[in-house]
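Visitor: Sequence:
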Amino acid sequence: MRILHTSDWHLGRSFHRVGMLEHQAAFVDHLIGVVESESADLVVVSGDVYDRALPHVDAVRLADEALSRLAASRAKVVLTSGNHDSAQRLGFGSRLIAAAGVFLRTDASSVGSPVVLEDQHGPVAVHGIPYLDPQALHEPWELPARSHEAALAEAMRRVRVDLAARPARSVVLAHAFVAGGLPSDSERDISVGGISIVPGSLFDGISYTALGHLHGRAVLGETLRYSGSPLAYSFSEAGHTKGCWLVDLGADGVTGTTFVEAPVPRRFSTVSGDLEALLTDPRLDAVTDHWLQVTLTDHVRPSQPMERLRTRFPHTLVLSFAPDGAPTAGPVPTAMSGRSDHRIALDFIEEMRGAPATDDEADLLLDACDACADDPEADTLLSTTTSGGG
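Reading the sequence shown from the start, the letters are residues 448 to 837 in the numbering used here.
Don't read these hints as lab results, they were simulated from the structure. Don't take each hint at face value.
Said to hold, decoys possible - Per label pair, the in silico range of CB-to-CB distance: (1) Ala592 with Gly652: 53 to 59 Å; (2) Glu586 with Met799: 48 to 54 Å; (3) Ala547 with Pro729: 51 to 57 Å.
Yeah, the Cβ is synthetic: ideal placement off N, Cα and C, and Gly gets one too.
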(Lines of atoms letter the chains of each structure in order from A and count residues from 1; the text may use other names and numbers.)
(Lines give C-alpha, C1' and ligand atoms only; values in the text may rest on other atoms or scores of the structure.)
Protein backbone atom coordinates (compact mmCIF):
# COMPACT_ATOMS: atom_id res chain seq x y z
CA MET A 1 0.00 0.00 0.00
CA ARG A 2 1.31 3.44 -0.93
CA ILE A 3 0.35 6.18 1.52
CA LEU A 4 0.48 9.95 0.93
CA HIS A 5 0.78 11.76 4.28
CA THR A 6 -0.19 15.43 4.50
CA SER A 7 -1.52 17.74 7.22
CA ASP A 8 -2.10 21.30 8.40
CA TRP A 9 -3.64 22.77 5.25
CA HIS A 10 -5.13 25.69 7.23
CA LEU A 11 -7.51 26.56 4.42
CA GLY A 12 -8.57 30.20 4.63
CA ARG A 13 -5.45 31.40 6.41
CA SER A 14 -3.97 34.80 5.59
CA PHE A 15 -0.34 35.79 5.94
CA HIS A 16 0.10 39.29 7.32
CA ARG A 17 -3.25 40.20 5.68
CA VAL A 18 -2.30 38.57 2.38
CA GLY A 19 -4.87 35.91 1.41
CA MET A 20 -3.38 32.46 0.82
CA LEU A 21 -6.40 30.75 -0.74
CA GLU A 22 -5.05 30.93 -4.30
CA HIS A 23 -1.80 29.30 -3.19
CA GLN A 24 -3.71 26.69 -1.20
CA ALA A 25 -5.75 25.86 -4.30
CA ALA A 26 -2.49 25.35 -6.20
CA PHE A 27 -1.42 22.88 -3.51
CA VAL A 28 -4.68 20.94 -3.94
CA ASP A 29 -3.92 20.70 -7.68
CA HIS A 30 -0.43 19.45 -6.81
CA LEU A 31 -1.79 16.91 -4.31
CA ILE A 32 -4.20 15.41 -6.83
CA GLY A 33 -1.39 15.23 -9.36
CA VAL A 34 0.84 13.36 -6.89
CA VAL A 35 -1.93 10.87 -6.09
CA GLU A 36 -2.14 9.95 -9.78
CA SER A 37 1.52 10.19 -10.77
CA GLU A 38 2.76 8.23 -7.73
CA SER A 39 -0.16 5.76 -7.67
CA ALA A 40 -1.08 6.53 -4.08
CA ASP A 41 -3.61 4.13 -2.57
CA LEU A 42 -4.35 6.09 0.60
CA VAL A 43 -4.21 9.80 1.47
CA VAL A 44 -4.06 10.64 5.18
CA VAL A 45 -4.69 14.21 6.36
CA SER A 46 -3.65 14.62 10.00
CA GLY A 47 -5.72 17.59 11.12
CA ASP A 48 -6.09 21.36 10.73
CA VAL A 49 -7.91 21.25 7.43
CA TYR A 50 -9.22 24.75 8.17
CA ASP A 51 -7.51 27.64 9.89
CA ARG A 52 -10.44 28.44 12.15
CA ALA A 53 -13.50 26.80 13.65
CA LEU A 54 -15.79 29.05 11.56
CA PRO A 55 -14.05 29.02 8.18
CA HIS A 56 -14.80 31.53 5.46
CA VAL A 57 -17.17 30.32 2.76
CA ASP A 58 -14.35 30.35 0.18
CA ALA A 59 -12.27 28.07 2.40
CA VAL A 60 -15.22 25.69 2.73
CA ARG A 61 -15.63 25.74 -1.04
CA LEU A 62 -11.97 24.82 -1.55
CA ALA A 63 -12.21 21.99 1.02
CA ASP A 64 -15.29 20.67 -0.77
CA GLU A 65 -13.42 20.76 -4.08
CA ALA A 66 -10.38 19.02 -2.59
CA LEU A 67 -12.41 16.20 -1.03
CA SER A 68 -14.54 15.77 -4.16
CA ARG A 69 -11.45 15.45 -6.34
CA LEU A 70 -9.83 13.04 -3.90
CA ALA A 71 -13.02 10.96 -3.84
CA ALA A 72 -12.87 10.75 -7.64
CA SER A 73 -9.19 9.73 -7.56
CA ARG A 74 -7.72 6.26 -7.23
CA ALA A 75 -7.04 6.74 -3.49
CA LYS A 76 -9.04 6.28 -0.33
CA VAL A 77 -8.87 9.15 2.16
CA VAL A 78 -8.75 9.26 5.96
CA LEU A 79 -8.93 12.76 7.44
CA THR A 80 -8.94 13.90 11.06
CA SER A 81 -9.74 17.21 12.74
CA GLY A 82 -7.05 19.36 14.36
CA ASN A 83 -7.06 21.96 17.08
CA HIS A 84 -7.94 24.70 14.55
CA ASP A 85 -10.96 22.80 13.20
CA SER A 86 -14.47 22.57 14.54
CA ALA A 87 -14.85 18.82 14.90
CA GLN A 88 -18.62 19.03 14.52
CA ARG A 89 -18.54 21.16 11.38
CA LEU A 90 -15.72 19.27 9.70
CA GLY A 91 -17.37 15.95 10.52
CA PHE A 92 -20.82 16.91 9.22
CA GLY A 93 -22.13 14.27 6.82
CA SER A 94 -19.22 11.91 7.54
CA ARG A 95 -21.34 8.77 7.21
CA LEU A 96 -22.61 9.82 3.81
CA ILE A 97 -19.17 10.97 2.67
CA ALA A 98 -17.66 7.61 3.69
CA ALA A 99 -19.64 6.01 0.87
CA ALA A 100 -17.38 7.90 -1.54
CA GLY A 101 -14.20 6.55 0.06
CA VAL A 102 -13.46 9.64 2.19
CA PHE A 103 -13.45 8.80 5.90
CA LEU A 104 -13.69 11.71 8.35
CA ARG A 105 -12.62 11.05 11.93
CA THR A 106 -13.51 14.06 14.08
CA ASP A 107 -15.29 12.56 17.12
CA ALA A 108 -13.37 11.21 20.10
CA SER A 109 -15.98 8.46 20.43
CA SER A 110 -14.74 6.98 17.15
CA VAL A 111 -11.23 6.37 18.53
CA GLY A 112 -10.49 2.64 18.37
CA SER A 113 -12.77 2.06 15.36
CA PRO A 114 -10.52 1.90 12.30
CA VAL A 115 -11.02 2.20 8.60
CA VAL A 116 -9.96 -1.23 7.35
CA LEU A 117 -8.45 -1.35 3.88
CA GLU A 118 -6.93 -4.21 1.90
CA ASP A 119 -3.88 -4.65 -0.29
CA GLN A 120 -2.10 -7.70 -1.70
CA HIS A 121 -0.61 -8.44 1.73
CA GLY A 122 -3.92 -8.36 3.60
CA PRO A 123 -5.72 -5.84 5.83
CA VAL A 124 -4.46 -2.44 6.98
CA ALA A 125 -6.24 -0.87 9.98
CA VAL A 126 -6.18 2.93 9.72
CA HIS A 127 -6.91 4.60 13.05
CA GLY A 128 -7.69 8.31 12.76
CA ILE A 129 -7.30 10.08 16.12
CA PRO A 130 -8.73 13.61 16.03
CA TYR A 131 -7.28 16.38 18.15
CA LEU A 132 -8.15 15.47 21.74
CA ASP A 133 -8.94 18.21 24.27
CA PRO A 134 -7.74 16.90 27.65
CA GLN A 135 -10.09 19.22 29.53
CA ALA A 136 -13.15 17.97 27.68
CA LEU A 137 -12.16 14.30 27.95
CA HIS A 138 -10.94 14.28 31.54
CA GLU A 139 -14.23 13.10 33.04
CA PRO A 140 -15.80 11.01 30.24
CA TRP A 141 -12.56 9.11 29.63
CA GLU A 142 -11.60 9.08 33.36
CA LEU A 143 -8.13 10.39 32.55
CA PRO A 144 -5.57 10.35 35.37
CA ALA A 145 -4.52 13.91 34.48
CA ARG A 146 -5.64 16.84 32.36
CA SER A 147 -2.80 16.47 29.89
CA HIS A 148 -2.28 15.66 26.23
CA GLU A 149 -0.16 12.68 27.21
CA ALA A 150 -2.99 11.22 29.27
CA ALA A 151 -5.54 11.77 26.49
CA LEU A 152 -3.35 10.26 23.76
CA ALA A 153 -2.31 7.38 26.01
CA GLU A 154 -5.98 6.47 26.47
CA ALA A 155 -6.59 6.86 22.73
CA MET A 156 -3.69 4.55 21.93
CA ARG A 157 -4.92 2.05 24.53
CA ARG A 158 -8.18 1.88 22.60
CA VAL A 159 -6.30 1.53 19.32
CA ARG A 160 -4.22 -1.34 20.71
CA VAL A 161 -7.33 -3.11 22.01
CA ASP A 162 -8.67 -3.10 18.47
CA LEU A 163 -5.36 -4.17 16.92
CA ALA A 164 -5.03 -7.05 19.38
CA ALA A 165 -8.25 -8.48 17.99
CA ARG A 166 -7.24 -8.36 14.31
CA PRO A 167 -4.12 -9.52 12.43
CA ALA A 168 -3.47 -6.32 10.50
CA ARG A 169 -0.79 -3.76 9.83
CA SER A 170 -1.59 -0.41 11.38
CA VAL A 171 -1.59 3.26 10.43
CA VAL A 172 -2.35 5.94 13.03
CA LEU A 173 -3.12 9.62 12.41
CA ALA A 174 -2.51 11.91 15.41
CA HIS A 175 -2.60 15.68 15.82
CA ALA A 176 -0.25 16.50 18.68
CA PHE A 177 3.08 17.98 19.75
CA VAL A 178 5.28 14.89 19.93
CA ALA A 179 8.70 15.11 21.57
CA GLY A 180 11.45 15.70 19.03
CA GLY A 181 9.48 17.96 16.72
CA LEU A 182 10.39 21.63 16.38
CA PRO A 183 7.64 24.27 16.62
CA SER A 184 7.42 27.40 14.47
CA ASP A 185 5.69 30.73 15.04
CA SER A 186 2.55 29.83 13.11
CA GLU A 187 1.18 27.03 15.32
CA ARG A 188 -1.41 27.70 17.98
CA ASP A 189 -0.31 26.81 21.50
CA ILE A 190 -2.13 23.69 22.72
CA SER A 191 -0.48 23.49 26.15
CA VAL A 192 -2.63 22.58 29.12
CA GLY A 193 -1.16 23.87 32.35
CA GLY A 194 2.09 24.40 30.49
CA ILE A 195 2.20 20.78 29.30
CA SER A 196 1.72 19.98 25.62
CA ILE A 197 4.48 17.56 24.59
CA VAL A 198 3.76 13.83 24.40
CA PRO A 199 6.37 11.06 24.10
CA GLY A 200 6.86 9.30 20.78
CA SER A 201 6.88 5.99 22.65
CA LEU A 202 3.07 6.15 22.73
CA PHE A 203 3.15 5.03 19.10
CA ASP A 204 5.61 2.16 19.47
CA GLY A 205 4.68 -0.87 17.42
CA ILE A 206 2.48 1.02 14.93
CA SER A 207 3.41 0.31 11.32
CA TYR A 208 3.27 4.02 10.45
CA THR A 209 2.19 7.10 12.44
CA ALA A 210 1.24 10.20 10.43
CA LEU A 211 1.58 13.23 12.68
CA GLY A 212 0.03 16.66 12.32
CA HIS A 213 0.18 19.99 14.21
CA LEU A 214 3.81 21.07 13.81
CA HIS A 215 4.41 22.95 10.54
CA GLY A 216 7.92 21.72 9.81
CA ARG A 217 8.47 18.25 8.38
CA ALA A 218 10.26 15.99 10.86
CA VAL A 219 11.44 12.41 11.08
CA LEU A 220 11.11 11.28 14.70
CA GLY A 221 11.65 7.67 13.70
CA GLU A 222 11.40 5.60 10.55
CA THR A 223 7.70 5.05 11.24
CA LEU A 224 6.93 8.32 13.08
CA ARG A 225 6.88 11.51 10.99
CA TYR A 226 5.45 14.98 10.60
CA SER A 227 4.62 16.06 7.06
CA GLY A 228 4.43 19.72 8.09
CA SER A 229 2.17 22.30 6.45
CA PRO A 230 2.09 22.47 2.64
CA LEU A 231 2.84 26.21 2.69
CA ALA A 232 4.94 28.41 4.95
CA TYR A 233 2.74 30.39 7.33
CA SER A 234 5.37 32.41 9.21
CA PHE A 235 8.82 33.86 8.57
CA SER A 236 10.21 31.32 11.02
CA GLU A 237 9.45 28.75 8.29
CA ALA A 238 11.48 30.54 5.62
CA GLY A 239 14.01 27.71 5.53
CA HIS A 240 11.46 24.87 5.51
CA THR A 241 10.99 22.53 2.58
CA LYS A 242 7.25 21.93 2.27
CA GLY A 243 5.47 18.89 0.89
CA CYS A 244 4.11 15.43 1.74
CA TRP A 245 5.54 12.06 2.72
CA LEU A 246 5.07 9.17 0.31
CA VAL A 247 5.22 5.97 2.39
CA ASP A 248 5.36 2.42 1.05
CA LEU A 249 3.83 -0.14 3.38
CA GLY A 250 4.87 -3.73 2.69
CA ALA A 251 3.90 -7.02 4.23
CA ASP A 252 5.96 -6.37 7.38
CA GLY A 253 5.75 -2.58 7.66
CA VAL A 254 7.34 0.46 6.04
CA THR A 255 9.63 -0.43 3.15
CA GLY A 256 10.44 3.07 1.89
CA THR A 257 9.70 6.79 2.28
CA THR A 258 10.09 9.72 -0.09
CA PHE A 259 9.42 13.40 0.56
CA VAL A 260 7.53 14.98 -2.35
CA GLU A 261 8.12 18.73 -2.41
CA ALA A 262 5.16 21.06 -2.88
CA PRO A 263 5.22 24.07 -5.22
CA VAL A 264 6.45 27.32 -3.68
CA PRO A 265 4.19 30.20 -4.79
CA ARG A 266 6.43 32.90 -3.34
CA ARG A 267 9.56 32.50 -1.24
CA PHE A 268 10.13 34.08 2.18
CA SER A 269 13.23 36.02 3.17
CA THR A 270 14.45 38.19 6.01
CA VAL A 271 16.87 41.08 5.43
CA SER A 272 18.38 43.80 7.60
CA GLY A 273 20.43 46.94 7.14
CA ASP A 274 20.04 50.68 6.81
CA LEU A 275 17.38 51.80 4.38
CA GLU A 276 19.62 53.33 1.71
CA ALA A 277 21.82 50.23 1.59
CA LEU A 278 18.79 47.96 1.20
CA LEU A 279 17.46 50.10 -1.65
CA THR A 280 20.73 50.01 -3.59
CA ASP A 281 22.51 46.74 -2.74
CA PRO A 282 22.65 44.69 -5.99
CA ARG A 283 22.99 41.47 -3.98
CA LEU A 284 19.35 41.84 -2.95
CA ASP A 285 18.08 41.56 -6.53
CA ALA A 286 17.43 37.88 -5.80
CA VAL A 287 14.79 38.67 -3.17
CA THR A 288 12.91 41.53 -4.83
CA ASP A 289 9.95 39.20 -5.53
CA HIS A 290 10.00 37.49 -2.11
CA TRP A 291 7.74 38.10 0.84
CA LEU A 292 10.06 40.03 3.11
CA GLN A 293 10.57 40.68 6.79
CA VAL A 294 12.82 43.73 7.02
CA THR A 295 14.76 45.04 10.01
CA LEU A 296 16.08 48.58 9.59
CA THR A 297 19.28 49.43 11.43
CA ASP A 298 19.36 53.20 10.70
CA HIS A 299 20.40 55.16 13.79
CA VAL A 300 17.62 57.67 13.07
CA ARG A 301 14.33 56.16 11.96
CA PRO A 302 13.83 57.19 8.31
CA SER A 303 10.70 58.84 6.96
CA GLN A 304 8.10 56.63 5.20
CA PRO A 305 10.28 53.50 5.32
CA MET A 306 7.63 50.99 4.22
CA GLU A 307 6.60 53.04 1.19
CA ARG A 308 10.22 53.46 0.13
CA LEU A 309 11.04 49.77 0.66
CA ARG A 310 8.10 48.72 -1.48
CA THR A 311 9.42 50.68 -4.44
CA ARG A 312 12.09 47.97 -4.71
CA PHE A 313 10.55 45.14 -2.68
CA PRO A 314 6.81 45.26 -3.42
CA HIS A 315 6.05 42.26 -1.18
CA THR A 316 7.54 43.64 2.03
CA LEU A 317 5.13 42.56 4.78
CA VAL A 318 6.86 43.09 8.14
CA LEU A 319 9.02 46.02 9.20
CA SER A 320 10.91 46.42 12.47
CA PHE A 321 13.66 48.68 13.77
CA ALA A 322 16.91 47.79 15.56
CA PRO A 323 19.23 50.85 15.29
CA ASP A 324 22.95 50.10 15.15
CA GLY A 325 24.74 51.52 18.15
CA ALA A 326 21.55 52.75 19.76
CA PRO A 327 22.08 53.64 23.43
CA THR A 328 20.39 51.50 26.01
CA ALA A 329 17.11 53.11 26.96
CA GLY A 330 17.20 54.77 30.34
CA PRO A 331 14.42 54.67 32.89
CA VAL A 332 11.20 56.24 31.76
CA PRO A 333 10.55 59.37 33.85
CA THR A 334 7.62 58.93 36.16
CA ALA A 335 7.26 62.53 37.25
CA MET A 336 4.86 64.20 34.85
CA SER A 337 4.05 67.22 37.00
CA GLY A 338 4.88 70.47 35.24
CA ARG A 339 5.31 68.80 31.84
CA SER A 340 2.68 69.42 29.21
CA ASP A 341 1.12 66.62 27.16
CA HIS A 342 2.80 68.20 24.15
CA ARG A 343 6.22 68.09 25.83
CA ILE A 344 5.74 64.46 26.84
CA ALA A 345 4.81 63.56 23.24
CA LEU A 346 7.84 65.40 21.87
CA ASP A 347 10.15 63.63 24.33
CA PHE A 348 8.64 60.29 23.33
CA ILE A 349 9.28 60.96 19.63
CA GLU A 350 12.90 61.86 20.34
CA GLU A 351 13.40 58.78 22.52
CA MET A 352 11.96 56.39 19.92
CA ARG A 353 13.47 57.97 16.83
CA GLY A 354 16.79 59.16 18.16
CA ALA A 355 16.14 62.65 16.78
CA PRO A 356 13.72 65.44 17.70
CA ALA A 357 10.45 66.05 15.89
CA THR A 358 10.48 68.55 13.06
CA ASP A 359 8.64 71.87 13.45
CA ASP A 360 5.77 70.58 11.30
CA GLU A 361 5.52 67.40 13.37
CA ALA A 362 5.61 69.41 16.61
CA ASP A 363 2.73 71.58 15.35
CA LEU A 364 0.75 68.46 14.39
CA LEU A 365 1.31 66.94 17.82
CA LEU A 366 0.18 70.15 19.48
CA ASP A 367 -3.03 70.12 17.43
CA ALA A 368 -3.58 66.49 18.49
CA CYS A 369 -3.06 67.31 22.15
CA ASP A 370 -5.43 70.27 21.88
CA ALA A 371 -8.09 68.08 20.27
CA CYS A 372 -7.98 65.71 23.24
CA ALA A 373 -7.85 68.35 25.99
CA ASP A 374 -10.77 69.66 28.05
CA ASP A 375 -9.12 73.11 27.89
CA PRO A 376 -7.02 73.42 24.69
CA GLU A 377 -5.51 76.71 25.88
CA ALA A 378 -4.06 75.09 29.01
CA ASP A 379 -1.75 72.80 27.06
CA THR A 380 -0.58 75.65 24.80
CA LEU A 381 0.22 77.87 27.78
CA LEU A 382 1.97 75.07 29.71
CA SER A 383 3.96 74.06 26.63
CA THR A 384 5.06 77.69 26.15
CA THR A 385 6.11 78.18 29.74
CA THR A 386 7.92 74.85 30.11
CA SER A 387 9.64 74.49 26.77
CA GLY A 388 9.69 77.84 25.09
CA GLY A 389 6.83 77.03 22.69
CA GLY A 390 5.84 74.16 20.40
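Visitor: Please go over all the hints and tell whether each is borne out by the structure.
Guide: Here's how the hints hold up against the structure:
no., hint, verdict
1, Ala592 with Gly652: 53 to 59 Å, "violated (23 Å)"
2, Glu586 with Met799: 48 to 54 Å, "holds (51 Å)"
3, Ala547 with Pro729: 51 to 57 Å, "holds (55 Å)"
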